[in-house]
Amino acid sequence: MENRIALSNEQITNDLLPQKFGKRGMIWTGILVVICLIGAYAYYRQLRYGLVVTHMRDYVSWGIYISNFVFFVAISLVGSLITAIFRLANVKWSTPLTRIAEIIAVSAIVFASLIIIVDMGRPERFMNLFIHGRIQSPIMWDVIVIGTYFFISCLLLYFPLLPDLKILIRFKEKSGKGLNKLYRFQGSFWKGTKEQFRLSDKSINILCIIIIPVAFCIHTVTSWLFATTYRPGWDSTNFGAYFISGAFLVGAGGVVVAMYIFRRVYHLEKYITEKHFEKMGRIVVLLALLYLYFNVNEYLIPAFKMKKPEEAHLTQLFTGEYAPLFWFAILVGMIIPIIILLFKKGRKPLPMFIAGVMVVIGAWFKRYLIVTPTLLHPFLPMQNVPESYHHYFPSWEEWAIAMGSLAGALLIITFFARIYPIIPIHETITEQHEEAENK
Amino acid sequence: MKKLKINRYLLLLSVLITTFAINVIAQETPVEQKEIVKLHYFNSNNNLQYLLLESILKTGKKIEPQTNKVFMLFLDKNQPDNLIAKVLTDKNGKAKAIIPPQLKTLWDSSSQHTFILVAEATGKKEETSSEFTITKSKVSIDTSTADGIKNITVQVMKYENSQWIPVKDVEMKIGVERLGGILSAGDEQTYTTDSTGTATSEFKKDSLPGDQQGSFILIAKVEDNDELGNLIIEKRVPWGVAKKPDNNFFSQRTLWSTRFRTPIWLLFMAYSIVIGVWGTIIFLVFQIVKIKKLGVSN
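Chains as they are written, first to last, in our numbering: chain A, 13 to 451; chain B, 1115 to 1412.
Hints may contain errors.
Below 16 Å or equal to it, Euclidean Cα-Cα: the simulated EDC-like pairs (lysine to aspartate or glutamate) are [stated by the list, open to error]:
| # | chain 1 | residue 1 | chain 2 | residue 2 |
| --- | --- | --- | --- | --- |
| 1 | B | K1404 | A | E286 |
| 2 | B | K1407 | A | E207 |
| 3 | B | K1406 | A | E207 |
| 4 | A | K357 | A | E286 |
Which residues of chain A face chain B? A partial, calculated answer using Cβ under 7 Å [stated by the list, open to error]:
| # | residue |
| --- | --- |
| 5 | I143 |
| 6 | R146 |
| 7 | W202 |
Note that these hints are calculated values from the structure, not bench results.
Backbone N, C-alpha and C fix where the C-beta goes; we use that ideal spot for every residue, glycine too.
Whole structure, please, built from the sequences with the hints as guidance.
Rendered as structure tokens:
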């Protein structure tokens, strides 16, 4: 951060203003759009022919869609970690990462909501959930808390954006007419007066306080969707904490990946420095160790007891059909990143990026393992059902929709970075002044 | 020392070989298979006489029910006219046969009867038969109350020389029919009949839950008596505590009720949280309006 002191306000502004897509940006966006369109076509087929196009049947009624939903909810928690917790703890170095974390949170929560609707056989009956909803049902709590978290995340993205909008409006030539209109609509009233800053800071502080319990609720309630069901692998009192620790890990991993890419693509080396990677690396190690600890609790203790109804489920995870995936998720999602990031050299940008990618991929498969194998092991034996009911592997429509949703989330982040500064300009300038004054 | 070590290993090796050899020899010995068939006679409330057959297959130390095995049951003589039933054992190796009305004349003609069990020849197994004799009997149950003490009297009689005579030394259970079996009416687990064929038990189980009218069934049961078989007699008595049905169950506010019967505490908690959080969100939106107003006025 000390290398930022030499930078002038103009240079910071110029560096951090949103940039037009280059050739690589266009290709990247094009690929994402194509994946989204394939997903949309698969969803059209699902709407037309029904959920029968998926490979979900009577037993595995929550397949890749719900795994994806849990993944999105998990990764969205990073907004509260980087923005709220660090802000309340007065951690200054996280400033360049706050907006990255917040946009990851917003895009993830949008697609978490959408993927739930995709999982519904009759989406036109979605409103029935509210009309005939029972407040006793954890699903109802989930719907409420997801909506709430989305609004809070949007507000947390919007308030710190206001001073930057004033700067963006100033650079009309660079942003173009259309975007300038958007900036004006969103923030032309921001004059940067003392009173406006006071109100904005107060609002951000309130948001930071309120988002933490809501974020904990969102993932705890998601875990309760499983834990309130009496099934092998889900029947745990530890599920809330287990899910939250996993969510923070995947979120932090996601931020690491995003900060590396933004740093390289937009040449932000002066703002997202090696120190940021170093500190994020330490956080990821801590979170990975924490998540590993919960995994040991979740799998080792039931395996020690090996209760008869849980035996088939655990054996299939440890040595059976799901063993390669299970050990992949444990090794790639936790153990290898811990080993990489424990060393100082491992906390350099490129190894950090690799570790971050591993954490995110491992986390996605981990969600799949939480959802599917349990459903294949009900307490009552599966009898007189077609052979296909005994196994589950997603159909191409399910893969296409799931990948489409992931691409959609990335597309939101991409467009956001195209329209708004991915690192807060005003906050960076202010912090630089404060640092200079303190010296 | 080295020699001693080698000797020790040789000894261990020879023990292992011997154990293995014994094991192999033991495995080669053909396992004896034994068929065990038990026949029980039941007389329920003096009006239903039936037979219960239980077939077991013992292979070495392993015991398992013999399923789908055909047996024929005859009364007194192994001839078609005396056939009680041709039965097939179920998955538990059991089969039941009621003495049919057409054998009533034969049944009434004698005080003692022999049940002949014939197992049909299957595969290598030849036809086998066995017999089981019982004396016709009846059992009665009566209740009386004296000085607030309730008594249950059970009498067992057998048919002999064209008349019913009391049976001495018959062991039985006297109690109340419960879900898991018979709850003994008094302090003893079993009672034995005296020279008058009577066994009496004082009813000591007060405040026992009954049905909606406060009734329950008293039961006396003679089990596997060599001469009489199994005898059961029942009597409904209003000695219990009337059970009031809980019609309120579905109108309770519970976590599994409909949305109209949500527990108050849950409603309170859920609405408090929703109002609290959304109140704050509305407050923050109002802050944006305030910021906007400040900007416009400037």
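**Report entry** Restraint outcome when A:W202 is required to lie within 7 Å of chain B by C-beta distance
**Finding:** OK, holds: A:W202 within 7 Å of chain B, min 6 Å.
Requested in this report: Report holds or violated for the interface hint on A:R146, using the least CB-CB distance to chain B and a cut-off of 7 Å.
Outcome: holds, 4 Å
**Report entry** Interface hint compliance - A:I143 to chain B, C-beta minimum distance less than 7 Å
**Finding:** Violated - the Cβ of A:I143 stays beyond 7 Å from chain B, reaching only about 10 Å at its closest.
Report task. Could you grab the alpha-carbon distance between B:K1406 and A:E207 and see if it respects the 16 Å cut-off? Result -> It holds: about 11 Å lies between the C-alpha atoms, which stays within 16 Å.
Query raised in the report: Given the proposed pairing of B:K1407 with A:E207, does the C-alpha separation stay at or below 16 Å?
Result: holds, 11 Å
Report task. With a cut-off of 16 Å on the C-alpha distance, tell me whether A:K357 and A:E286 pass. Result -> holds, 11 Å
Query raised in the report: Quick one, are B:K1404 and A:E286 close enough, alpha carbons at most 16 Å?
Result: This hinted pair is violated, its Cα atoms lying about 40 Å apart.
Going down the numbered hints, you'll see the structure goes against 1 and 5, while the others check out.
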